[in-house]
Structures are given as C-alpha cells and as structure tokens.
Amino acid sequence: MTTKQVMLSEAEQARIRSELADAYDFDPRDPLFGLNRQALSGSRLERRTVLRLLAASGLLTAGHLIGVPRPAVAQGKAGGTLKCGWAAVGEIATLDPAQINQVLQFQIASNVLSGLTHINAELVAEGDLAESWEVSDDGTEYTFKLREGVVFHNGDPFTADDVLFTYQRSSDPAKSIHSAVLANVASVEKVEDHTVHFKLKAPQASFLPKVLERASGRAMTIVSRGALEKMGESEYGLKPVGTGPFKVTEHQLGQTVVLERNPDYYDKDRPKLDKVIIQPIIDAEPLAAAIEAGDIQLIGGNPIAPELVDRFVANPDLVVDETPGPTFQAVWINPWHEHMKVTDFNKPVEELMKEKGFMVRLAIAKALDREAYIKQGQFGRGMPAFGTVNPAMGRYFDPDLAKASTQTFDLAKAKQLMADAGYPDGQGFPKLRLLTTPSNRRETQVVGNQLKQHLNINVEIETKDFPVLIEDFDTMNWDLVRLGSGGDYDPDDALVDWMQTNSKFNGRRRDKAKYAFGFFSDKEVDQLISDQSATADIDKRRQMVTKANKITSDKVASAFLFHQPDILVHHKTVAFPKESRIPGLVDLDRVTLA
Amino acid sequence: MTRYLIRRAIGAVIVMWAVATLVFFMLRIVPGDPIGAMLFDAGDAAAVEALRHKLGLDAPIYVQYVKWFWLVFQGDLGNSIYGSNMPVSKAIIEALPRTLSLAGLGFIIALVIAVPAGLIAATRRNTMLDNVVSFWAFLGLSMPEFWFGILLIIVFAAGLKWLPAIGYVPLSDGFWPWVSHLILPAIAVGTTFSAIIARNIRSGMLEVLKTDYIRVARAKGLTTSAVILRHAFPNALIPVITVAGIAFALLMANAVVVENVFSIKGLGRLLINSILNRDYPTVQGAVLVVSAIFVLSNLVVDVLYTMIDPRIRYDK
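These protein sequence lines map, in sequence, to chains G and Y. Count along the first sequence from 1, add 606, and you get the number used in the working numbering. Count along the second sequence from 1, add 3, and you get the number used in the working numbering.
Check the hints yourself; a few may be wrong.
Stated by the list, open to error - Which bits of chain G does chain Y cover? Going by a derived footprint, with three or more residues having C-beta under 8 angstroms, they are:
1) 835 to 844
2) 894 to 901
3) 1066 to 1074
Please keep in mind that the hints were generated in silico from the structure rather than gathered at the bench. On a predicted model such as this, the values are computed, not experimentally measured, just so you know. Each residue gets a CB set at the ideal place from its N, CA and C atoms; glycine is no exception.
Full structure from sequences and hints, please.
Pasting the structure below:
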C-alpha cells in the first residue's frame, strides 16, 4: 500500500473490538436502544452511551474509535492570540447556521454558537446549553433543564423562548436549509423559563448526538432572536450573536474574521485564548509560506493541498494529525456517449458485459491504477476507492470491495475489453473530453495520462469554473468528469445523494425527453437504498448498504478513484487537546498557546 | 478648462453606462448559473425556482436590466446574491482602500525604480549600465506577477521572515502594520510597471537629447545634471505620462492576480470571487467602479499634460 495508515497496537484493536461489540449490542425494536432511562438522562452522556446512540443511528465511524497517536505538545497558559488560516477558500460566505452548507463554515460557527448538547473527541456528549435532561420510557419525549444565567453576546438572557424561536426558524424551509433534520420532531413546548419539552414522532437514536448537537446538525444551533431582528439576516450571517465561548467582533468578508473571548461564557475555565484571527487563504503556496513563517499557527477550512503535507510532516515546528476522511472522488463516465452507451442498467452484470458500451466503461474503470494515481496525483495521501461509501463510515465501509469489484485494476483485462468492444489498442476510439475544475487540473492530468498509456484513449482535459462545471454535469453535457463528494458521514450521504435514479446529483437538469436517467439508474439499487435508509437494524442496514455499494461498483455507476484523508496542521506551540479533536471540527475553546 | 471638464464628465458617464450595459448582458450569456452554484448541495427544483423568484432572476432580462439601472441611478448597487447577501456598495467600500493602497504603493515603487533607471539608461546609452536596465525591463515585463509574488513570499516571508506573507491591515491600525503587509505585493505589481515606464523614459530622453535646445543648453555651459533634469526630463515626460496613465489601469489588472496570491480582498479578488459565484449584482457594481477608475485616471493624465506643458490648452 502506498497509502499511509494509522498503526494500532494489539490492545487498541481489542479495545475497539469490544467497544464496537457493545455499541451494537441491543435489540433494534427497543425504543431506548438497550439503554435505560438513567443512562440516557442526566447532565452528560457517557462514552458508552454515545457510542450506542451513534451506532443505533448508523453514525458510528472508525474515526470515532481510533485514538490517534499524537506527538507531545507543550501545555500552554491561558491568554494570547491564535492566528489561523482557512485553506482553499476566498471568503467565509456565511456563519448563520440556517444557511451554513460547508464544513469550513461550521468549524467557525461551533466556536461562536451553542447547541443543547456537544460531543467531544472522547465521545462524551456534554450538556451545552442543556444542564440535564430526561427521557420517557417509550423514547419519544425529552425534557431538558436549561442552564440558567447564560447570556448572549449582546447581553440578552438565554431562555426556553430562544429554543422555541430557533426551532421555528429552523423547521421553516423558507428560512433554513436544514429543516429536514427536524422532520421527526412533533412539537416543542416551553414548560418553564428554563425547561423545554420535545415530542418526537418516533424514537430516534440520532436525536441527542446529531439533531441537538451544536455543530453537526446546524438545525438546533441556538440563534439570538433579538440580534437577528436588530441586525437583519445579512449582517447576522457575518457576525452571528450566540452564547458560545467566542464572539465575532469583526468580520471583513474575504479578509478576516476576528473572534474574541466571551468573558460571560457559562464555563469560567473556557475559553483559554483571548483572541482568534481567521484569514481565508486561496492559494496553496502562500498558505504554506504563512504557516512556515509563523504568520498563522493553525490551518482549518478545506482539505490541505496534498503536495504540502509531506513538507509539513518534515517541518519540526509543525504537528500534522491525519485521520480517515468522509469523502469519495470519482471519474464519471457518460452512459449517453455514443461509444460508452448503456441505456439500461437493469440487467445482470454478465448481460451488461455483452454490450460494447459497457465494455468500454468497465475498461476505463479497470485501467485506473489507483495506487499510482494516489502517489502521483495526491502525493501518497488517500486510499483507493471502489464505491461511494467511505472508510470514515466505519462499519458500513466494505474493505473487501477493493478486491471483489469488477473495477479492480487489471490492465490485461482492460485492454482485452477494449479489443472486444471493437477498439483494439484504442484504434477507432474517439478523443474524450475530461472536465475538471482549474484547481484539480494537475491530478486530473494523471487520470488522462493513465487512460492514454493504458488504453491508448486520447483525453483532452478541459477546465471549467465550478458553477459552469456543475451546470454541465447537471445537464449531462460531458464525456468524462472528475468530481466527488466530501463531508459524507452517513451512508445516506453517499447513496441517497448520489446513487439513486432521483439522486440530487444524478443529471438533475438533463433533457428528460432525450435522457431517461442521468449517469446511472438501477431499480434494485434504488430499492436497496430506500430500504437501508429506513432500516434501524444495523446488521441488516449494513448488508443493504454493502450490497447497493457493490452493485454500483460492479455496474460502473462511475469509475471510483480515491478517498481523501482528514488532516489537521498546527504549530508545536499550539496545544490542541485530544478532547477537542472532533473529526471535521476545529473547536478552539480548550486550545492554548505555549 | 471648466467646460472641458464638464464635457469629459459627460463622456465618462456615457462610457461607464456602455461598460455596465455590456457587462450586464455578457454575464447572462456566459454559461453557469448563480442558483446552481448556491444550491449545489441542497434544494430541489421547487427550492431553486423559489430562490430564482426571490432574487428576481425569473423576470425577462430587459426587466432585470431596467430595474438594476433604476436602482443604480438612485445610488443603490443592490445586494450580493451569494452567501451573506451583503450590500454591494459595502463590499466595494471595504475592498477599494485595499486595492488603492496596493496600486498606490506599487505606483510609487515603480516610479522610484523607473525614473533613475530610465535616466541612467538614456544618458549612459550602450554602456553596461544601459544593458543592465534593459535586461531588468525585459525581465520585469516577462515575469508573471503571481509567480514573482510567490517567489517574494518564499524568500522574504517564509525564508528570511522579514515581512508577513499574507493579509492586509488597514492604515488605521498603524503605519508599519499597514505598509509591512503591502511591501511584497506592491513590489510584485510595481515591478512590471517599472519596466514599462523605464523603457519609455529611456526612449523619450533619447529623443529629447538629440534636439537643438539641448545642444544650446550644453553650449551655454550648463552642468550635465541641469541639462538632464531641468531641460530634458520634463520634455520627455509627456509620452511617459500617457503610458503611466494606461499602465495605472493595467496595474489594477495586475492587482487582481496579486491580491489572490497575498490574500488581500481587494476589488480584484471581489471581482473574481463574484464572477466565479455568478454573483451578478456584485460583478456589475465592481465593474462600474473599475471603469470609473479607468476613466478618472485618463482624465488625470489629460489634465497633467497642461500642467507639464503649458502649450497644451483644451479650451479653444
């Protein structure tokens, strides 16, 4: 393997095995997921309870369980200013939880706004604005005791009315893009000034660790009604007012976001830092120079360009922390292209294998030497992909697929397929246009080179800005496209969003008279994906996910390429406690400077 | 002069109207859709239509055009349709001082390099020094600014740690923080510019030095420096100012590239970001301001002519 993986000791592996076994050890029909009311109520949820709830809602990932070995970092004192760079982004377009649609945005919002609960990296869910809570025996009613004496950054007191206001705003599709997250909530009532009551339509394991979680859900991230009305949505999107550890004191769109310590934060021990300055930095080389020069001390935002990571690892001043990432990347093949045509995927793979168009598709997928691509295109950072389900999804990830898929790299067979399709050594095969974004040009060139060298297919790389690329992708105006997905923590993110006939990315704006479907359509896969989504039993769900993922791989819904890792880089002088290393987030409330 | 200025002002308004109109329609012809970019990861067909209606993008294009112009006449550039929906005028007011600081300092750096270089090259024609200046001008013209900018960052920020690599600090936070963040990007934009001006000064000077009045000045027994600085240089300045005026506009174009490298959210980066997001109102507003700067710098050049050469008169 050219990919770098975290090495685990025997003892660590045994711990993970036993934790996993315990997490999944419950009767799926039990509304409390095999836990008792005591375990689910209180002021915090223990690690074991959180693992169980994550498992029951299908959210438990390997990333949750692997403790990453970390170099010793200096323990710092309170105070000081931390300067951060947010990678590969021009501006923090919004910080309003109702509009946030990028990980790099809620990385900042999680430091400014609060939820009812928040999970730390040790998977202890702590009450954030909720002091304690109780659950009914049937698992559909939750009563929360709210923290008293909490004030918003503008001085307004926090009460049950704010929970209600947030709920009303977030469940309105006209005001929030996350309203679907609250679909299972039947009602929210104010019992007293600091007591609220939630009624659910059905027991929901992900309610505490996901829906009410301050960062991941975004639906119940508490907003200030007073501030919203006074500032207006636009200004609030730049400088949201919340009850979090830091307040936004300055936001110059595209230049800097300045966070300052909230002196009235409910936990007097946090935050430690006085000030955080965040600058968006688009280009890779200036970002690297900035952290090497000490202009910035921590990198958040989009994934760091892979060519920089080895350089950072070699730098004794920097700490590089790598975990499996929730992504997949692929080369899409247009099934409506004359020479790669498949108009009906609803037949066994053996049948499809007799079609010339399918032979070419499979030949392209089989000719991709993913190990070599990762080495050349991604500087060794990443893991070969054969489906949309990624390794950060833990139990749902199928490591056997790499060997079992029809897409497994096999040059001789790929060449044979091209010959069988009537294009021996690529003769008579037309030149293909491969669309990509300007920033992915270099790595896409590696794909083009492989297709030329391996199959003698001529590929012309065409770069288009993202909005144009997306329009072409949505209207099926392409031969090949290099595109993928990030922030996929649940199988739904990988399958419902991408692999169903009605998936939102599947030729959304195509000419429906001309193209019956977008890039892929399979009735069995459609059914499996709908079923897994509604299945509570983890083993059954896992079987469906694995099966759907395998079919999309075997039938070449796309030529899958690789999974990107999640990498955090900071200076040695920054003490980033392990309990704050929550996958995907950059929580700074416990961070200190040496 | 006043009548001339009024005439020019009317001309300027017409030019800006033409540019704004051209941009308005070209933006809508270019492929790519703001809603598609915004709702890539969320929203179904109904949500897309709702948003399109809310932003007024479902109206016929001429209706959108008339609406936009009516608002512009009232001094309202509209709101951004991407992200925070902030007023376009606010985005421009934030960005403008950054770009003007960068372009201004770049202009000064360019002059500091170009004037002595051009004079030396002209007076020491065909010597080693002249060759050095010509080589510098050639190099400066050929170097892409973004590459030169990254080179400066690697050497002076990451390597020597003399100056900050990225970002912008307003002048109100202190002179040194402001200027230290601007030195590297200003050198990056100023270098190309200095090459253009130096070459112009050189050729202008060479021409003037051949004239009779310079020979007379020398014959009078004036010192070389008096001949060069008092008699030759001002007369060589007219073509230089013409070029400088055009080049100042070019400087703005270079600033676009350099702002990206140095993470300065100036007009250039505002323009690029908004084009990438198909944020129509912001692109239109920013282009309007950029064209105003072009028109204004041309006007300044024309007025400068009269001050340098009293023979030039615009009225009658």
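Exercise. Mind listing which of the numbered hints don't hold for this structure, in increasing order?
Key: When the structure is compared with the hints, none of them turns out to be violated.
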